[in-house]
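Novice: Generate coordinates for the entire structure from the input sequences, incorporating the hints supplied.
Just so you know, the protein sequences line up as chains A and B, in that order. Anchor point for the first sequence: position 129 equals 129 in our numbering, and the numbering is continuous, going up by one each time. Every number in our numbering is 166 more than the matching position in the second sequence, counting from 1.
Don't read these hints as lab results, they were simulated from the structure. Where is the CB? At the ideal position from N, CA and C, for every residue including glycine. Take these hints with a grain of salt, some might be off.
[Claimed, not checked] For lysine-lysine, the following BS3-like pairs were computed, each having C-alpha atoms within a straight-line distance of at most 30 Å: (1) 194/B - 110/A; (2) 275/B - 216/B; (3) 255/B - 272/B; (4) 192/B - 110/A.
[To be verified] To give an idea of the chain B side of the interface with chain A (calculated C-beta under 8 Å), a few residues: (5) 193; (6) 211; (7) 215; (8) 297; (9) 302.
[What the hints assert, rightly or not] Far from chain A by the CB rule (all over 12 Å, computed), these chain B residues: (10) 178; (11) 241; (12) 260; (13) 280; (14) 303; (15) 346.
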Amino acid sequence: MFKVKTSRLIRGALLLVILQVALLPGIAQAVAVDPPLDDSALEARAQALFLDLRCLVCQNQSISDSNADLARDLRTIVRERVVAGDTDEEARTFLVDRYGDWVLLQPPLKFTTWLLWFGPLLLLALAAWLGLGVYRRRGRREEKVESLSAEERNQLKSLLNDADDG
Amino acid sequence: MSFRHLVPFILFVVVVVSLGVGLTLKPKEIPSALINLPVPDFQLPPLEGKTNGLASDNLRTGSVQVVNVFASWCLPCRDEHPFLMQLAKSGRATVNGINYKDKPEKVAKWLAEVGDPFARIGADLEGRVSIDWGVYGVPETFIVDGAGRIRMKYLGPLDNSDRTTAFLECLDTIARGGDQCSK
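Specialist: Right, here's the structure in full:
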């Protein structure tokens, strides 16, 4: 009886831990909260823009996720731009003018980023081409199995006959 | 040995070389978007107790200008300070400062302690003008030509490294009236 109770307790505790871990991202995001705009539609646009913009200090975080001082300043700027009537594109351009394409988490498609965008496809094509080559060569090798010469056929026949006689 | 047998070896060399090049890249050093563009429009008040603030007009003087973004709370700034003192003394360029998010009394005390190489200092209390300059950390140092165009941005403390040598070379190139620096 007692044993059952402890295992239930352990199971409950485990569940709590799992829940807590699952909720962690929510907690992490809550750290970077600053006063939102009064207009909820504008705030939603600003929030969406935060996700597109790189925190330059921490590099692989968006300014939405980062607690860095600069990220907070950039969030303030984005909110200001949105309130001032900028389109999303204009607000992004405002920061690109200052920090370059680096500030965008999704690099724009242009000549210098061509390899970045299409490199993986190129590699895939190369792999497919090489694979196809190997496959074809193997097929050809199988076809090349030569038929027996007349002499060999006679030899085989006599061998088989011998076996029958024996 | 036929060419086909060399293919794996060649692929191996290609991979090793590209990984090796990857190791030398410094993704933390973000190139400036402002190279060869005019300095941003700005006007910063002087530090408390000083008279010379910094504005874009002060950077279109016909002679080469250095703009150093610094703060008293930034340790690498302390490291590079002797370099700036020496640079100002050498007369190779006018050295200006943008004081980034600092407390007036702290920066006054700091400059009194380590010396003041700056012809002008603008107090960027909010850090907003520094964002217009594309600053994302201190210290950062810009070379501005006589016409007020940014010609180079140097990240981190100026020291005795090859990068600093390149910085000084750029300074001299611009001072001679050249308009391109290698980096």
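Novice: Look at each hint and say if it fits the structure.
Specialist: Evaluation of the provided hints:
Note on residue 194/B and residue 110/A: the hinted pairing holds, with a Cα-Cα distance of about 22 Å set against a maximum of 30 Å. Among the hinted pairs, residue 275/B with residue 216/B is consistent with the structure: their alpha-carbon atoms are about 13 Å apart, no more than 30 Å. Distance restraint check for residue 255/B and residue 272/B: the Cα-Cα separation of roughly 24 Å lies within the 30 Å cut-off, and the hinted pair is therefore satisfied. Distance check on the hinted pair: residue 192/B and residue 110/A sit about 22 Å apart at the alpha-carbon level, within 30 Å; holds.
Nearest Cβ of chain A to the Cβ of residue 193/B: about 7 Å, under the 8 Å cut. The hint holds. For residue 211/B, the interface hint is violated, since its Cβ never comes within 8 Å of a Cβ in chain A; the closest pair sits about 19 Å apart. Taking 8 Å as the C-beta cut-off, the interface hint given for residue 215/B is violated, the closest approach to chain A being about 26 Å. Satisfaction of the interface hint for residue 297/B is found here, the shortest Cβ-Cβ separation to chain A being roughly 6 Å, below the 8 Å cut-off.
The interface hint given for residue 302/B is met, as the beta carbon of that residue sits about 4 Å from the closest beta carbon of chain A, less than 8 Å. Every Cβ of chain A is farther than 12 Å from the Cβ of residue 178/B; the closest lies at roughly 15 Å, confirming the non-interface assignment. With a minimum CB-CB distance of about 16 Å to chain A, residue 241/B clears the 12 Å threshold, and the non-interface call stands. With a cut of 12 Å on Cβ distances, residue 260/B stays outside the contact zone with chain A, its closest approach being about 24 Å.
Distance check on residue 280/B: its Cβ is at least 24 Å (rounded) from any Cβ of chain A, clearing the 12 Å threshold; non-interface status holds. For residue 303/B, the condition that its CB be more than 12 Å from all CB atoms of chain A is violated, with the nearest at approximately 6 Å. Separation of residue 346/B from chain A is adequate, the least Cβ-Cβ distance of about 19 Å exceeding the 12 Å criterion.
Hints 6, 7, 14, counting from the list given before, are not met by this structure.
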